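Novice: Chains as they are written, first to last, in the working numbering: chain U, 1 to 435; chain H, 1 to 404.
These are calculated hints, taken from the structure and not from any lab test. Each statement offered as a hint is correct.
Distance condition first, Cα-Cα at most 20 Å in a straight line; then the derived SDA-like pairs of lysine to any residue: (1) H:LYS250 x U:PHE116; (2) H:LYS358 x U:LEU309; (3) H:LYS358 x H:GLU207; (4) H:LYS358 x U:VAL302; (5) H:LYS185 x U:TRP231; (6) H:LYS358 x U:THR311; (7) U:LYS157 x U:ALA167; (8) H:LYS222 x U:ILE241; (9) H:LYS185 x U:CYS230; (10) U:LYS157 x U:PHE116; (11) U:LYS17 x H:TRP305; (12) H:LYS222 x U:ARG221.
With the C-beta cut set under 10 Å, the calculated list includes, among others, these residues of chain H facing chain U: (13) ALA29; (14) ASN33; (15) ALA278; (16) MET282; (17) LEU292.
Model, not experiment: these values are computed from the prediction. Backbone N, C-alpha and C fix where the C-beta goes; we use that ideal spot for every residue, glycine too.
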Amino acid sequence: MFGYYLDLALRSLRRNKMLTALMVLAIALGIGASMTALTVLHVLSGDPLPDKSGSLYYVQVDPQDIKGIDPDKEPPYQVTLIDGLNLLRAARADHQALMTGGSVPVQPDQSSLDPFYVEARYTTADFFPMFDVPFLYGQGWTATEGEAKARDIVIAKSLNDKLFSGANSVGRTLRLAGVSFRVVGVLDSWQPNPHFYDLNTGSYAYGEDVFLPLQTMLQLRLDRGGSTDCWGNGGGGASGILPSDTCVWLQFWAQLDSPAKVTAYRDFLVHYSLDQKALGRFQRSPNVRLRNVMQWLDYNMVVPGDVRLQTWLAFGFLLVCLVNTVGLMLAKFMRRAGELGVRRALGASRRALFAQLLIESGVVGLVGGVGGLLLAMFGLWLVRQRPSDYAVLAHLDLSMLFTTFVLALCATLLAGLLPAWRACQIAPALQLKSN
Amino acid sequence: MQIQPILAALRRHRLATLLITMEIALACAVLCNACFLIANRIALMHVNSGVDETSLATVQLTGYETEQAVDLNARAISGLRNIPGMQSVTVLNSIPFGARRGTAGITLDPAGQHFGGVVEFYVGSQGSLEALGVRLVAGRGPQADDFHAFEGLMPGDASVQITRSLAEHLWPGVDPLGKELWVDKWHYRVVGIIDHLVRPDPAGWPEGSKDWSIFVPALPGKYLAGSYLLRAAPKDVPHVLRDARAVITKVAPDAVFDQEGSQTISDLRASTFRQDRAMAGMLVGVIVALLLVTALGIVGLASFWVQQRRRQIGIRRAIGATRSDILRYFQTENFLIVSFGIAIGMALAFLLNLLLMKSYELPHLPLYYLPVGALVLWALGQLAVLGPALRAAAVPPVVATRSV
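Okay, chain H solo, but in the shape it has when bound (with noise of 0.2 Å):
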């Protein structure tokens, strides 16, 4: 196949071969970031929570006195562990994806010079932590006489397991066991290190810095009631969280029975990136609608250049060219044009990726990412081409003896 005559015919056709390779370049530039955005709300939604999410749910109650908060406790815990089903129950301030109660700054030494970072307190009963299902990498987990009773927000002093991402914040390098922590005049002493477990919100917090938690034992008691952890087999969590229903009427009908709070953790999980499943979904539509409008005006353009040149075709067919030539005469010519919007496009594409990470928390555009968009609009042109290259491969010889 011969270039040169293509590219001679191209340049009769500057304007229209402008504005070809124009879209292909505009759809190319917003094909490749919207991908992008695509793989990074994805990449959101599949955060590592680090707990065994189908086998837990969480039961929250508000409403009640907190003068009555040992005694809810007491008579909660005591009908939810009677639920058939159930493997544990447990008092937990937090929950992964859900309530949202230790958020607080850390400092690594007293006088609170040194800020280490804001991080989740997840403070928690007796077994709490072996039900959430965390990994233990390092270090020892709670034993009994860790978990004491407190007066106010949190523990003022207590042996704590923090995640391995938070342990390499805040001593790079350095082993943390031992390690000592402040919250103004509270302290804390590292004793065990954990896989992951992540923050009630992630979502709102930059990359990194997700499962940046610390798990505090206490006794359940004023301060730490109404937010409990229930485990079960993953198929029995459904009907245990709706038999807890009836048992909280039942033994607690003081206290109010939160129903947005008190979910499965799968299903908190669902509805904490709903809305960036929602997003992603229209992002495909816009790829969908973006790849339908290119390849039209491919089928559009390639069209009228065929009925323009049918007594070309018909020359060329009766001095010796195959229906094979003509057919792949289009499909070049729409490679090349293809080929010179990619390269513009993969430009446009950068620079759409250098303006979308000024106004939104976007990493670079990942190099990879063009070559693959490049594949795509290259078959995309190739489909669209197609049709009207048959039509013109089915130009008969005779054309060439007809006026017009």
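With the rest of the complex left out, here is chain U (with noise of 0.2 Å):
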């Protein structure tokens, strides 16, 4: 029965060319621009360590003085360092890591090479183990090696391949800020979207060149960059100078592997500012917060604003396509009326002309999609010409590829029933007779 009904919407499509080539149009434009809009929102919203965010958390505690202190008030985005150190030693979680990025000029040993900068992240040695880093070469450094303040590096692929044209470097000297360094790890290709351990260095399509430990880089005085937050008398942060005591600079996250360590870590920093209270430190009462990295996104507003409305939009744009598909589906079902008559009169049930009438709207709903399909691979395709910093990560993977044929065929199917209703009413004599 299937076979003949589709056989009958295939003929039936034929036979009224131009009107089955303005419905497939128009669900090609609707499904085009929401896909479209749809595949940067799940991209930029989208995960960044699928295996792990749920066990990773970011650790907020609330070190302000109490000058318009405002009791919903949420902490600092960051920790000071004093504090960074002191959760660092506690050594609570299953893994943690005090980090802050900047950048640093590289000086190469090549005398064709002149020097250039580029983006470092200051961390601790848990960072690697903690975000699943995968390495090309060598490892990280050690916790030990990392308090010593080894003159350790670990460098991305792409330096490994600009400097050392993509040979195994462990063991080699990098001059950094006037420092050598010996590279100790390459990474592989490793890129997180979002950048969701730091977002002060905008969120999508960020990777830093070379990692070094936080405590080499306090010693040196290297440049940071990212947010300073200070209050009181705080200040510094500037060519070489530290910030201050006041002032929140660095991210601390910790791994923590079950719910039960979660709530033993958050009761851990509770007792942990009461402490700091007590010794005078911390004016306020405990306020602290551990979000995972889906949690930590969410509250950053991570998706731009941009890219909601364009959604919003897209799918705007889609209602119209559909209200419109409705309507020629009407007119297209309607003008049939004679031989649906005919058909009801020679003993067919309502029920085989509605399954009849959704096959056909079906088949719209398929083509629209593959032409929808192909705008949305246009339109992505605009989107990363656009200048924005998320515009590389725009493609289209295989679950969204399933989405649009899906949404293509619910949106025609789902357009389709008004009209198809519609025409199954027609009573068959009175379609005969006024023929």
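Assembly of the complex is requested from the two constituent chains, each provided in isolation within its own frame, with the hints serving as guidance.
Specialist: Here it is, written out as structure tokens:
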């Protein structure tokens, strides 16, 4: 029966090419626009570390003074150096890392290369195992080496390709900001999107080229970037001066593998705040936050507002296209009232007619879906030409490909429901007589 | 033209009429709001900087030792000044649409109780305010003895020029000349009012605070170095900037020439608003596609009705209706349907605007968008229906005598 209805549908669609083309075009435009917007949204709101993001937590404590206190206020976005180091030494989590970012000048040995700046991440040792960072050669430094302010450095694949033509450079030296460092590891391609562990750098398509121990950076006073928030008489943070103790400028991440550990860690942070208050460092009552990766990204509203707006617009457009298709489909089905009347008179049930008409709209949906897919690919190509930092990421993946067809099919079937139902209401006798 | 029979006919096709009305209404709502969003983006892109953008460029140097700053300044400035066509080279910490180095909160009392707002401090050497080309509207510009050497991020005490919008915000209705303001313990006196001086990052600030800027005169030194404002005749600016790069490599090989930061102010402005231009382009695309789909929907449905009513049209023609009567019938019908759609669409547009205002920083939809949107849709409807209506007018009276 299905085959017969499919044949009927194709015949009917071929009979009125103009109307069919209009319907397919409307569906294709609507699907194309909404899939483009949806893909961009999907890519941008994706999970940067799907296997692990649930157990990685961003730690916030509130070390601010009492001035302008507001009980419901969120603690600062980052931690102070003292708190970071205290939490690090407490080592209550499965893994923990304290970090900040900056840029350092690289002075290559080759005379053919001018000195250039690279983005750097200054972090403690657990960064690599905690974020599952893949290594091509060598490995990260150890916690002891970090504490010893070792001149160790891990470089990204791209920098290794540029300086050492992709060879195993472990053990080679590299001069950064006038200091010699020993390469201990080379990363494989690694660029989590969004750049969740430090959102100050811009959220998308950002990656560091060198990683070196935080303690080393503190000793060498390397330049740092990102944000510094101070209160009271805090300041500093420029030209080799570290921010003062009343400034937050570092990120602290902890890996907590079970819900029990999360509760325990939150209790620990509250106790830590109380201790610091007893010592006179903290003035406010404990105000701590523990957010996992996705909660942290949500809280920071990482997905740009423009992208959300685009998605809304695209779906508004799809709605207009669907209403349009409903109208056209109604015209098409009602025009065939005579034929449908004959089929009814010959004994076809309403249900059979309904199924036949829905199959016809399904065919329109499928063809529209293919057109929509092509349009979405074109749309994504257009997005990639745009100047945003996330533009390069806009690619269609398999799940989105599948979604395109499901969306197209569902949308057209939905659009076909009303016209098909109307067409089935025709009284066969009346229709035959009027002809 | 009688409207009564048209309405009677439409009543027979309630569902189809309803659908096309809905489509017009949705199109009207999206159209008005999309146009409004475009207008907002364009207004944002045309923010008045108050400076002579076409005559200005900047050179940004990094990577030098702080101890070298004074020496570097001297070498860079004298080198850059020798470039042919260069009118002036001055040191300025922040650059309109470029580097941002002086954002700070100010208070109106030394105790720090009365918060004034977050403003941009442009700390500049002698001649930099004049080089920017801002217009002084009251008080005086910086004089030679206003420029002092300083330690730290900003001079601790200075006579400053502030923008008019900032003055009106801080001291509404009062003469701002001679007023004082503080950043923690640093203290500043207002001696001049300038017309406009945009922040380096106007896009991130709400309307009305986009040019809350303060010019602080200071002598170049350890903490005011590496950021230069170049002024030349508009036609010379590109080549002056090109030459500047070569000069810097020669006179200051110890510093890194920041490619991304060193640009003409016009280019910096363009890249500041790239995102907005792209978004406006996308909105235009949505509008075009929307109008296209709506027009196609009207064509499709009108064609169907014409075909369905061939016999009736034939009868009307046979009993004396002229071609233009038939043409006008379909045109009036379309006009009525589009009018219903617009009426609903205006309410929808208003609702959509309220929804957008909740999540985005948008003002109310100005009322004049609605009649303009209505005119566009009426025109679109008439254009779309013209083809089918002409086909209807071409139906010969003889059709009346045939069955089907």
